[in-house]
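Chemist: Sequence:
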Amino acid sequence: MRLQTFAALLLSFWHTCDIHVASGRNVGACCLSGRKMYAASKKCLFSENNDIACARITTVCCLTALYETKCDEGKSVAVAEENCEGLDAPGREHTKECCHCCLLGRETLKRNEACTPPSHVSRRCKQAFVSCCGDGGEPSDNDDKVRTFSAMTTEVNARYTATVSSSGRCSEDKNLCEQICDDSDPTMVRCSCRAGFRLNSDGRTCSDIDECMLGTHNCGPGFTCRNAHGSFRCERRLCPTGQQWDSDSQRCVASVTCSPGFHPGSDGTCQDVNECHLPDACPSGQKCRNTQGSYYCEKPENSCPSGYEMSTVSGNCIDIDECSRGTHTCPDANMCVNTVGSYHCRCPTGYRFNPSTKQCEDVDECQSPQACLHHSTCENTIGSFHCVCHPGYQQSEDRRSCVDIDECRQNLASCHQRCVNTPGSYQCACERGYTLGVDGSTCLDIDECALYKFQGSGLCAGQCINTPGSFECRCPHGFQLGKDGRTCEDIDECANGICSGHDQICINMYGGYKCERIVCPPNYVKDTRFKNRCNRLSQTCSPFDHQCLHSPVSLLYNYISLPSNVNFQDFGLSALPLITLKGPSDLDTSVQYELQLLETRLGRHGVRPATRASFAVQKMSGPNSAVLNLVEPLQGPQDVVLDLIMHFHHSGTFGGRSTAKIFLFVSAFKENNFTEM
1 MRLQTFAALL
11 LSFWHTCDIH
21 VASGRNVGAC
31 CLSGRKMYAA
41 SKKCLFSENN
51 DIACARITTV
61 CCLTALYETK
71 CDEGKSVAVA
81 EENCEGLDAP
91 GREHTKECCH
101 CCLLGRETLK
111 RNEACTPPSH
121 VSRRCKQAFV
131 SCCGDGGEPS
141 DNDDKVRTFS
151 AMTTEVNARY
161 TATVSSSGRC
171 SEDKNLCEQI
181 CDDSDPTMVR
191 CSCRAGFRLN
201 SDGRTCSDID
211 ECMLGTHNCG
221 PGFTCRNAHG
231 SFRCERRLCP
241 TGQQWDSDSQ
251 RCVASVTCSP
261 GFHPGSDGTC
271 QDVNECHLPD
281 ACPSGQKCRN
291 TQGSYYCEKP
301 ENSCPSGYEM
311 STVSGNCIDI
321 DECSRGTHTC
331 PDANMCVNTV
341 GSYHCRCPTG
351 YRFNPSTKQC
361 EDVDECQSPQ
371 ACLHHSTCEN
381 TIGSFHCVCH
391 PGYQQSEDRR
401 SCVDIDECRQ
411 NLASCHQRCV
421 NTPGSYQCAC
431 ERGYTLGVDG
441 STCLDIDECA
451 LYKFQGSGLC
461 AGQCINTPGS
471 FECRCPHGFQ
481 LGKDGRTCED
491 IDECANGICS
501 GHDQICINMY
511 GGYKCERIVC
521 PPNYVKDTRF
531 KNRCNRLSQT
541 CSPFDHQCLH
551 SPVSLLYNYI
561 SLPSNVNFQD
571 FGLSALPLIT
581 LKGPSDLDTS
591 VQYELQLLET
601 RLGRHGVRPA
611 TRASFAVQKM
621 SGPNSAVLNL
631 VEPLQGPQDV
641 VLDLIMHFHH
651 SGTFGGRSTA
661 KIFLFVSAFK
671 ENNFTEM
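Residue numbering for the sequence shown follows the UniProt record's numbering, starting at 1 and increasing by one per position.
Everything labelled a hint here was simulated from the structure, so no lab data went into it. Hints may contain errors.
[Said to hold, decoys possible] Distance condition first, Cα-Cα at most 27 Å in a straight line; then the derived BS3-like pairs of lysine-lysine:
id, residue 1, residue 2
1, Lys-483, Lys-531
2, Lys-483, Lys-453
3, Lys-514, Lys-619
4, Lys-43, Lys-174
5, Lys-661, Lys-619
6, Lys-43, Lys-453
7, Lys-619, Lys-582
8, Lys-582, Lys-526
9, Lys-174, Lys-42
10, Lys-661, Lys-582
11, Lys-531, Lys-514
12, Lys-531, Lys-661
13, Lys-526, Lys-42
14, Lys-36, Lys-661
15, Lys-36, Lys-174
16, Lys-526, Lys-514
17, Lys-661, Lys-526
Just so you know, these numbers come straight off a predicted model, no measurement behind them.
Could you build all of it, start to finish, from the sequences and the hints given here?
Modeler: Below you can see the structure in the form of structure tokens.
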């Protein structure tokens with residue numbers, strides 16, 4: 001909170017007028033406490049204590065650290081993934097905003113355009129844009145300008161400043177940042193990560209970036225990407241013996257072409273194929289003899305092996321057809337299948353012949369891990385099987401594997417606003433300003449006004465109005481909404497020429513204004529140079545004309561406006577200086593000051609009126625100077641009229657007097673509190 005008073009006191013005839021305004025205090029320590037609060041607990045809780053101003057600053061700086069951490073996370077995602085679609089979860093709006101603004105900066109840099117952020121975006125977005133574009137610099141911002149009060153002819157600016165020592169913050173707490181800690185900025189500590197890592201949402205710890213999954217690796221054809229902690233490696237793909245990798249077809253091919261009877265060897269040459277190792281190379285009963293590039297079969301000299309008989313025509317061993325002769329043991333002749341040198345019993349699909357029982361028995365296909373594939377369960381049936389898909393999946397064309405059902409695309413979900421498909425299911429999500437109900441599908445409006453009512457100063461400086469999916473701030477009459485859409489700023493009606501009379505004086509008040517017209521009393525005329533001064537017609541008096549001597553030489557009209565209940569004790573002040581008067585500095589002249597309370601006009605019933613004891617005139621160290629102090633807060637709305645009279649004595653003889661008429665207007669509003677007091 002800042003205090004400023006407006007006074008314009010124009011005096012001549014041996015005196016001048018200075019204005020003193022209360023100054024601010026150091027708030028840097030309070031802000032640092034807020035940042036430490038977020039670094040330690042990741043929460044920003046308002047704790048009201050004796051120093052309410054420091055408590056509010058602590059909460060604001062804690063929230064600033066929270067927003068900066070979320071913004072840094074969004075920039076890390078933008079650099080690593082080149083998209084922000086994974087940040088749609090509720091509560092990540094600030095992270096997603098900085099991600100999109102960072103991508104906008106990176107795209108601007110790729111087009112070799114100037115790194116100038118868009119003018120209609122937030123300050124946080126401008127910072128993310130410039131940081132990722134690489135042009136350097138910070139966007140201009142006038143949000144740190146402090147509002148000032150103004151009076152008739154004098155305007156005084158007041159500004160809070162904070163100086164915070166940054167020695168040893170990173171070195172004192174080794175766990176503050178997991179990898180890189182930067183406290184070069186005395187008001188904050190920034191955490192960052194080494195190459196190959198991204199900053200997590202807590203703003204402190206780092207997670208490995210899987211370059212292989214993101215496709216940001218540089219492994220060439222013939223290599224496979226393998227992720228590593230903080231990096232990745234490229235492994236060459238290996239081919240079987242006698243083969244090599246073909247970059248055009250992206251597969252392993254034979255390294256040499258061999259003639260029939262030979263195959264490529266491990267040394268790149270053609271080697272003989274031993275056909276005798278192949279099944280059924282020779283007829284049953286004959287011996288196989290291998291040769292280079294070929295083979296031959298030797299006939300037996302004596303009897304034929306089992307399943308064969310000697311042909312009476314050729315003298316060779318020929319196969320016996322057990323099926324046609326009926327010498328088989330199959331349950332049914334139709335099941336018998338003759339083979340060279342033997343036979344077997346062929347069962348229907350889904351059955352297997354048991355040679356012990358001589359029966360066809362069901363095959364449990366589910367015993368094979370390849371029966372049913374992804375996201376399914378195998379169920380055996382008599383002579384067959386079928387695959388049952390897990391919930392949220394449906395069978396693919398091969399009837400053995402299952403694929404995810406996109407409930408969102410097929411309008412199977414019952415989401416109120418947004419639907420997000422997940423493997424085997426889906427999730428409902430809500431737009432910004434809404435929260436998911438207990439049924440998991442209905443979106444309920446968030447009453448931001450009630451939610452943040454008791455957190456710091458709330459969302460709005462004035463009145464908070466909840467709207468579907470959002471809220472809006474409203475200010476009382478005499479105030480206007482600030483550029484941030486939340487704070488209320490006093491309207492300087494005087495700047496708009498609201499007082500139209502040429503002899504009227506406009507006094508801006510906190511939440512209002514007044515138009516005052518100075519009318520000189522009889523025997524006084526308006527000063528030609530100063531519109532707020534009336535001079536006595538007769539500037540000289542006879543030593544014996546007591547009425548003339550006790551009539552003020554000049555009347556100076558001064559107007560001061562104050563917020564209600566100005567608590568100057570928060571600034572370590574026992575009194576609030578209003579006006580300083582300086583008389584003649586020559587040694588033979590002395591000045592006596594007299595303060596009179598003429599009138600108190602109350603704006604409504606119940607307001608405690610000002611009294612003479614509310615003010616004090618204090619002699620200053622300078623010659624013939626004094627200051628008018630307010631020694632207790634005044635409740636508004638009320639108007640107070642004072643006369644501060646200067647009695648002049650020259651060498652002990654009364655020489656006349658001058659009167660400063662002071663009109664003090666106390667607003668109905670307290671500083672930064674937009675409810676009438």
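Chemist: With the threshold set at 27 Å, check whether the alpha-carbon distance from Lys-661 to Lys-619 stays at or below it.
Modeler: With a Cα-Cα distance of about 19 Å, the restraint between Lys-661 and Lys-619 holds, given a limit of 27 Å.
Chemist: Has the given pair, Lys-514 with Lys-619, been kept, meaning a C-alpha gap of at most 27 Å?
Modeler: violated (31 Å)
Chemist: Given the proposed pairing of Lys-483 with Lys-531, does the C-alpha separation stay at or below 27 Å?
Modeler: violated (36 Å)
Chemist: Taking 27 Å as the top limit, are the C-alpha atoms of Lys-661 and Lys-526 close enough?
Modeler: holds (15 Å)
Chemist: So if I understand the rule, the pair passes when the alpha-carbon distance is 27 Å or less; does Lys-483 with Lys-453 pass?
Modeler: holds (21 Å)
Chemist: Given the hint that Lys-531 pairs with Lys-661, test it: the Cα-Cα distance must not exceed 27 Å.
Modeler: Within the cut-off at roughly 14 Å; holds.
Chemist: Would you check the hint for Lys-36 and Lys-174, treating anything up to 27 Å between C-alpha atoms as holding?
Modeler: holds (14 Å)
Chemist: Are Lys-43 and Lys-453 close enough, with their CA atoms no more than 27 Å apart?
Modeler: Roughly 16 Å between the alpha carbons, so the hint for Lys-43 and Lys-453 holds.
Chemist: Within 27 Å, alpha carbon to alpha carbon, are Lys-582 and Lys-526?
Modeler: holds (23 Å)
Chemist: Take the C-alpha atoms of Lys-526 and Lys-514, compute the straight-line distance between them, and say whether it is at most 27 Å.
Modeler: holds (21 Å)
Chemist: Quick one, are Lys-174 and Lys-42 close enough, alpha carbons at most 27 Å?
Modeler: Holds, because 17 Å separates the two Cα atoms, which is no more than 27 Å.
Chemist: Taking only the CA atoms, is the gap from Lys-36 to Lys-661 under or equal to 27 Å?
Modeler: violated (51 Å)
Comparing the model with each numbered hint stated earlier shows that hints 1, 3, 13, 14 do not hold.
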